[in-house]
Every structure is written in C-alpha cells, then in structure tokens.
Amino acid sequence: SSDSLDGLVNNNVIREVNLKSTSVIREKVGISISNENKEKTFSSYPFPLNSELVEKLGHIGAEERKSNKPLNVIKRGYDKENDSAIYDVYFDEPLKPGDKISININLAFVRQLRPLPAKIGLLDHPSWVWNGNGYISLMVPSKKQKTIITLPQAGSTAIRNFSTQPSPASTDGKKKITYGPYSNVGSFSNKPISIHYDNDDQNLHAFAHRREMHVSHWGNNLNVLEHYQIHNDGATLNGPFDKVAQQLASIRMKPQNAVLGLPIEVPVLSRNIYFVDEIGNVSTSNIYYDNAGNRKFIRLAPRYPLVGGWNYTWWHGYDMPLDSVLKYNSQDGRYNLKVKFYEGMVDTSVDKFELQVVLPEGAIDIQVANPLDVNEESARPYYTYFDSTGRTMLVFSQYNVVNEYKQDIHISYRYSLFATLQKPIILSLAIFSIFLLTTITSRLSIGLTKLKKQKKL
1 SSDSLDGLVN NNVIREVNLK STSVIREKVG ISISNENKEK TFSSYPFPLN
51 SELVEKLGHI GAEERKSNKP LNVIKRGYDK ENDSAIYDVY FDEPLKPGDK
101 ISININLAFV RQLRPLPAKI GLLDHPSWVW NGNGYISLMV PSKKQKTIIT
151 LPQAGSTAIR NFSTQPSPAS TDGKKKITYG PYSNVGSFSN KPISIHYDND
201 DQNLHAFAHR REMHVSHWGN NLNVLEHYQI HNDGATLNGP FDKVAQQLAS
251 IRMKPQNAVL GLPIEVPVLS RNIYFVDEIG NVSTSNIYYD NAGNRKFIRL
301 APRYPLVGGW NYTWWHGYDM PLDSVLKYNS QDGRYNLKVK FYEGMVDTSV
351 DKFELQVVLP EGAIDIQVAN PLDVNEESAR PYYTYFDSTG RTMLVFSQYN
401 VVNEYKQDIH ISYRYSLFAT LQKPIILSLA IFSIFLLTTI TSRLSIGLTK
451 LKKQKKL
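Reminder that position 64 of the sequence shown reads as 64 in the numbering used here, one-by-one numbering, no gaps.
Mixed in with the good hints, there may be bad ones.
[Claimed, not checked] Lysine-lysine pairs mimicking DSSO-like chemistry, simulated, CA-CA at most 30 Å apart: (1) K40 <-> K144; (2) K119 <-> K40; (3) K56 <-> K175.
Keep in mind that the hints were calculated from the coordinates and are not lab data.
All chains, please: the whole structure from these sequences, using the hints.
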C-alpha cells in the first residue's frame, strides 16, 4: 500500500530501451532512491510490471549502481487494482532514514515487435513497431523521469514515426528518441507510445527448444543434442516466393526479407558436429570463431530460405570431452558436473525450453545447484541399450528463455566402481547366457536326432 511506502522517494529515474535487436528488447531502469521517512527503514524496493509485460518477460535482475553488486529480486504478488505484478528488489543493507541508494533494474522482453506493413516483397526493407509507455510506471512517485530509446540505425531515415505525447518528446535525428524529462510523476502513470522504424535484421524466435545431454564415463564423452522449432516473425511475402529472384539477390549481396543462416554458439571443445532436419542430413554449414578465438560458432544454413511467417525444424549435435566439464572430488567421493543451462541461437528467444541431463546408470545421491529460478524441475527414469536398473534423467523446463539463461548449472553425484562395471557385467552375462542357451539348444537337438534314429532302427 502507499502508506507502507511513505517516505520512500524516487529522486531521479532514467529508463534506457534498446531496440537494436528485433528478437529481444532490453531495458535498464536506473533509480536514485532516498528515504525521507524520519522513523522507518526499508529493506526492499517494490518494482511493478504490467500483466502484459509479465507475459513477455524473459529476465529481470537488479544491481547496486556504484558497485555493480547483484541484488536479489523476488516476485511478491499481484496488484489487482493496477493489473501489475510486484517484484521486490532487496537492498544489501536496510535503507535508514536519510539514506540514499542508486539501483539499476535490468529487463529483457520477448515478442514485443510487430512488422508494419505486415506483407512486403522479398527485396523490400522491413520495418517494425514497438509499443510501450511514455512514462516509467512505478509504485513510488518520481520527482524526475526520462526515457531514452536507442534505435538500430543511424540517420533520420531509420525513424518512420513516433508518438509526440507525453511532451516533451524529441529525437536527435540519428538514432535516439527521448521522452522527458518529466517532473512529479505519480504512481502507476501510463501514456501509451508507439515507435515505427526500419531494421533489416530478421526477427526469429524458437517456439520450442529441447537440449539433451548424455554423460558417458566409459567413453569420457558428453553428447549434446539440440532440437529446434523456429519461426520467422517478420513480414510475410506479398505474393509467391520467387526462387530465381532470391538467388540473384544472394549473388548481388542484396538484403532479403529471409533468413539464410542461423548462427549458434557451441563450446570451443565441441567435435563431431552434425546438422539434420526432417528430410535428412544437411551439409550446408560452417564453423567459425570470434576474433579472440575464445568463442566457437556454427552457421547452419537451412534447406530453404526462411522468409517471414515460415517455420523450420531441425536438430544438431556434437560431442565434447567429459573431463572438461566433469571433476572428481576424492575427499567426498563425488563427481561434479558443470554445464551451461542454455546455449543456442545468438540473441534469439525461446518460448518453451527444456534441458534434459541423462546421468550414467548407477549414479546415486544426486544434488543440483541451479542459480536460475526455473518453472519446472523433475527427475525421471531413462533406459537405453543394455541398461538394467535404468538411468536418472534430470529435466528442467522454462518459458521465455533469453541469453541471460546462459549460466552454469552444477550437478553432483556418487558413482561407485560397481556402477562403473555394471554395464560390462550385464553385457558379459547376457553374452554368456546366449552362449549357454545356444549350447544347451544344440545338445538337445543332437539328442533328439539320435533318439529319432534309434526309433527307426
């Protein structure tokens, strides 16, 4: 309630909206806060998000501005009157009377842009519309506010149109639009704005991405398999697809309203990389590194140009040395696996993401340390060739996944010598059983043959 926030003041609020990417829109809200209540201390700051934004929220995080120290953000509940979810940003130390603090709240939103016009030609330049709020909607009133929106291209031709209210609203004529500064902005203030601008980048998002990892101690191998279903959210073609025009545009290096390559980051130690779609193996791909050589990418070329409104389904995989991600602690007798929760297409969001980690048969006392707050987490039995007791498959599910989910997840477990030898023992017993059964069967056959001959005599 407003009474519980009495004395908490926003001295200055600056929001930066980055429209350089078409797939993920990032915002940074910088807030200078002071406690003007002479008696009360505050342990957290309430940050509201409209329900429409919550549905498109991929990431929310906060930090103390001077030290860049991360601050905990916890979703408290829902404000029905203002149709907003409330997130509490917790200070490292309570804000005492007269104290001041400056924080940054970092946000990432997915599926915020729509193409306008909705249909264009193959060689036309796409343009996009972003809708938002001219004010910064906060629970705490603000003495001063300003919003700076950064566009992807320099030059006034990048901006087709933008809302001029609330006033003042201005542009530098290059790549920025500024709303404000505004004085004495009340709680939950809202003024819809719209920006229409050019950007030749394509707008891809994956509506499903399943990442599988299989741990093999015997082969010292970690096998990774990535299943993708993606959609081009760009403007659809105004007319039929012209393959000849598309190939001529590729030869002449002209921009196209189509995706010709899919850049995906993979571990530097990855090997045996392959790329398969629903038809079969696809050989049109290449591997490259960044300038420093510290990051490795594969550029997958789809079987056909992916124009606006089209879908594409594929899976790619690779192996990597297990000892590069798995360490053994002799003191506690545990194996510690450290892998990325998410790795995938560059700056592209995922509607529904699932990580599956299949541990070796016989792994017990499994513990997971995941820095991410995921929607679902479970353990399931998993069986493959020559398994007897089965393996444990850890499953993590999350919606609206963005680059901020590229964090390490730690999984530790115990794995005894017997568990290591379990599969060879089972395999040996199976082979011995088959050999024994074959021997018994052959002897029975010989015995029956002799018995038949004796009866004839």
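Right, here's what the structure says about each hint:
1. About 23 Å separates the Cα atoms of K40 and K144, which keeps this hinted pair within 30 Å; it holds.
2. As the CA atoms of K119 and K40 are separated by approximately 57 Å, the hinted pair breaks the 30 Å bound.
3. The suggested pairing of K56 with K175 holds, with an alpha-carbon distance near 25 Å, which does not exceed 30 Å.
In this structure, the one hint that does not hold is number 2.
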